[in-house]
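Student: If you want the building blocks of each chain, they are given just below.
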Amino acid sequence: MNAFLVRKEAVSAWIRRLAQKNTVYFPQRAGHSALRFKPVQEGSEVQFERYHPTLVPPGKKLAPANEVLFHYRQERPDDPEMEPAMDESPRILAGVRPCDLKGIHLMDRANHEGHGDPHYLLRRAHTTLIAHDCLQPCDDACFCDAAGSLHWRQNADVFLTPVADDLLLEIQSDRGKALVQGENFPVCPDVAAYKARAEKMRTKPFGRQFVTALTNLPGIIAKQWQSPVWEQHVERCFSCGTCNLVCPTCYCFDVHDDFEITNVHAGQRTRTWDGCMLPGFAEVAGGHNFRPQPAARQRHRVKRKFEYLTRHFAETSFCTGCGRCGRQCTANIDIFNIVNDLAKNAEVRP
Amino acid sequence: MITPGIDTNATFDKKLYLPRMARILEIKTMTAREKYFKVELPQPLGHRPGQFVMLSQLGIGEAPISISCGPRTDTILEMVIRNVGTLTQVLHGLQPGRKVGVRGPFGSGFNLADFRGRDVLFVAGGLGLAPLRSLIQPILAQPELYGSITLISGCRTPADELYREEVQTWSRLDNGQGKIRIIRLVDDTAHLTWDGEVGLVTEPLADLKMQPDNTVVALCGPPVMYKFVIMELNARGVPHNQIFVDLERRMKCGVGKCGHCQINHVTCCQEGPVFRFDLIENLPEAFR
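Protein chains in written order, with our numbering: chain A, 1 to 350; chain B, 351 to 638.
Chain A extracted, bound-state conformation:
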């Protein structure tokens, strides 16, 4: 595939041009400081510097918070009409960072397996990804390198790497190729050399590092069912579920029905984000709760990211190290510290 060397302003202009004919989501300021993936419109700022992680990861555009599964009408109650609500509108997610790119890859795996989730897969099939590399950690909260997602390139249709005032623009798929069709970008003379130059610019070590290798974590965490660490970190937890909401690889949901207030014969079945940190998540009919303690729920969340799903899908980690859960936690609970303490705990034991 081709690679080009394009001035940063020219890339921004290209994305604005793409937005004239497509829905393009790009991280933009919302309120005082937070960035959000919002549609690029006339006058929208498109710039790759001063990036810090968006409140909600871009992958959630593929599985929205309130998603209608189907609409129904039942004027004749025993012969309802049902229509699945499929979103086939094409979209481009631009400015996706490696951690979130890997997050989307992990969501693809989870939604593809077994009974493929039609709503996610259809949206995904109509989504093009323009990713952008990180040469500096976003802030103190991120640990993408430790979580094995800093060097993630796969599943981006176009991958951008900053090299001085230019961006190295690599085409990684036919969809990516379609995006630059008709553009007169200067071809990059020596891709390897420019990549090496960028790599040299990368901060080392990059963000927080675990005390042990990522590949050791599933084994370490599997052995610590009854660790004091679970209780220590959950002491101040409000069980608010924010960590689940902002996680790029949390995909659990609840389902509920609504009927229209003006017509009880019509309505829809909707799924909404749900989180395993919420107290009622593992409750069954009749009231028995399989995870009544916050520490048990925390353990389940951490084990899902670093042990259960990791092993099930043969991935290095289902945590991408984006740092959102720690950054957004009201009580300052950070999955990085939990995991690191578990690893330290394992070291001191024989």
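Just so you know, these hints were derived from the structure itself, not from any lab.
Ideal Cβ positions, reconstructed from N, Cα and C, are used throughout, including at glycine.
Certain hints may be false.
Across the chosen pairs, the derived CB separations fall in these ranges [claimed, not checked]:
1. B:K529 with A:G114: 36 to 42 Å
2. A:N337 with B:I426: 55 to 61 Å
3. A:N337 with B:P573: 32 to 38 Å
4. B:N591 with A:D140: 49 to 55 Å
Go by the hints and put chain B onto chain A.
Tutor: Just chain B, lined up with the frame of chain A:
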């Protein structure tokens, strides 16, 4: 407009979450909390014993319900529904002739081959008899394929007993050979007439004549029951790979996506709800 082609590697059923409508043929009150439902599906369900369906009423919601009839080639589906929430309350208020939404069948279920040629022991607690009936029926239909067949079925009081007449019919299948044995228990007679025994399901288990090496056990009941029954089966020396447990969890999708039914690293709706005990005995969340 750039329209990327659909990823041909991604195969999916657009109607995965859409129920099929099934007509209610019969509703019978079984206890103060439970009703029996017989419905007619648009096509045969083709289920295995121990599987479940997602049952729904449009505008109200959807919930997992165990199938309580054995495998069948026609379009009939039988269930026992306990009135525990909004959806089940609405279902209890329906009349025959109305329709309900059905998705499924889902889950692993029991495999009759695991039981063939062996002594079979069923242990049911309360509503647990409903899913176990889907296994009891095909086994009792061909008892010659199995060794001795024992059912220990317990519930709180005589008023809570499910399938009373049918269970009594099962007792009469034996013809005095001692091959089929049905033990019915209540925790408390509650001053009602009762022709069975009084006590917990673990009590007859302790005195049961059995060849543990040749016995396969199927177990379904409330969460608290499993631990005590398995302790008793351990005491009798039943190998763990000959014990099958049917577990209950909250489920929102039935297809391994919603995350609610996860037990450590397994999902109850996919790998379960029927599990071979030796494969999950080390999962700390399985028998909490």
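Student: So which of the earlier hints does this model not fit?
Tutor: The structure conflicts with no hint, since it agrees with every one listed earlier.
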